[in-house]
Amino acid sequence: AQSVTQLDSQVPVFEEAPVELRCNYSSSVSVYLFWYVQYPNQGLQLLLKYLSGSTLVESINGFEAEFNKSQTSFHLRKPSVHISDTAEYFCAVITISGSARQLTFGSGTQLTVLP
Amino acid sequence: DAGVIQSPRHEVTEMGQEVTLRCKPISGHDYLFWYRQTMMRGLELLIYFNNNVPIDDSGMPEDRFSAKMPNASFSTLKIQPSEPRDSAVYFCASSQIRGTEAFFGQGTRLTVV
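As given, the protein sequences belong to chains Z and E, one line each in that order. In terms of the numbering used here, the first sequence has 3 at position 3, counting the first letter as 1, and numbering is strictly consecutive. In terms of the numbering used here, the second sequence has 3 at position 3, counting the first letter as 1, and numbering is strictly consecutive.
Don't read these hints as lab results, they were simulated from the structure. For each residue, glycine too, the CB sits at the ideal point set by N, CA and C. Just so you know, not all the hints are guaranteed correct.
Far from chain E, by Cβ distances over 10 Å, these chain Z residues were calculated [to be verified]: (1) Glu20; (2) Arg22; (3) Asn68; (4) His82; (5) Ala87; (6) Leu103.
With a straight-line Cα cutoff of 35 Å, these simulated DSBU-like cross-link-like pairs (lysine-lysine) come out [stated by the list, open to error]: (7) Z:Lys49 / E:Lys68; (8) E:Lys78 / E:Lys24; (9) E:Lys78 / E:Lys68; (10) E:Lys78 / Z:Lys49; (11) E:Lys24 / Z:Lys49; (12) Z:Lys69 / Z:Lys49; (13) E:Lys24 / E:Lys68.
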């Protein structure tokens, strides 16, 4: 069985400061990894994903995440946050076996950017 | 494409009533997922379909919950009878068989009083 752990439920940070949201996963098979963002009263939107290739992936709004297989981690980082980055962030894992597809989410991290 | 469409956006009902949530996935997507989001439990996968066939319904909390996908463009999640603890935001998502990204609808906020 797979699982996703987001250790920090709340991360407050000042505007223009760097931030790291942590994500660890466990799975007995190869995985695809995702970060989703949820703004208030909205659905989840894909922020970035790792499928294969380069272990460092980037989003269009300055976030990046690095897949670390040995540490089974996929931490999300941004060097300088904006007020508009305030949202809840979910790490997710997909394992694929035949036609079965299990998409599992972490418990979420609420990022609050303070002025 | 308009994305995943869920209806209604908000539903308030009395305990004991039947509730039906609806979802239209993105055309061409072969997978459809139903999730429930609460403060206490976060995002929980309830059930998912592949080519209209339920693959895993182990997340469905009780027999009061049922889901159907009569065709590739429509799915329902029904709660009968509803209880106050069913109050949550219910999300539908879809993805392609070869793709891996799941696209989410805006959700249905259910309140059972």
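Results of checking the hints against the structure:
1. Glu20: Consistent with the label, Glu20 (chain Z) stays out of reach of chain E, its closest Cβ about 20 Å off (over 10 Å).
2. Arg22: 16 Å, holds
3. Asn68: 19 Å, holds
4. His82: Nearest chain E Cβ is 23 Å from His82 (chain Z), so the label holds.
5. Ala87: 14 Å, holds
6. Leu103: 6 Å, violated
7. Z:Lys49 / E:Lys68: 30 Å, holds
8. E:Lys78 / E:Lys24: Holds, at roughly 15 Å.
9. E:Lys78 / E:Lys68: 8 Å, holds
10. E:Lys78 / Z:Lys49: 32 Å, holds
11. E:Lys24 / Z:Lys49: Holds: Lys24 (chain E) and Lys49 (chain Z) sit about 24 Å apart, inside 35 Å.
12. Z:Lys69 / Z:Lys49: Given pair Lys69 (chain Z), Lys49 (chain Z) holds - Cα atoms ~15 Å apart, limit 35 Å.
13. E:Lys24 / E:Lys68: 12 Å, holds
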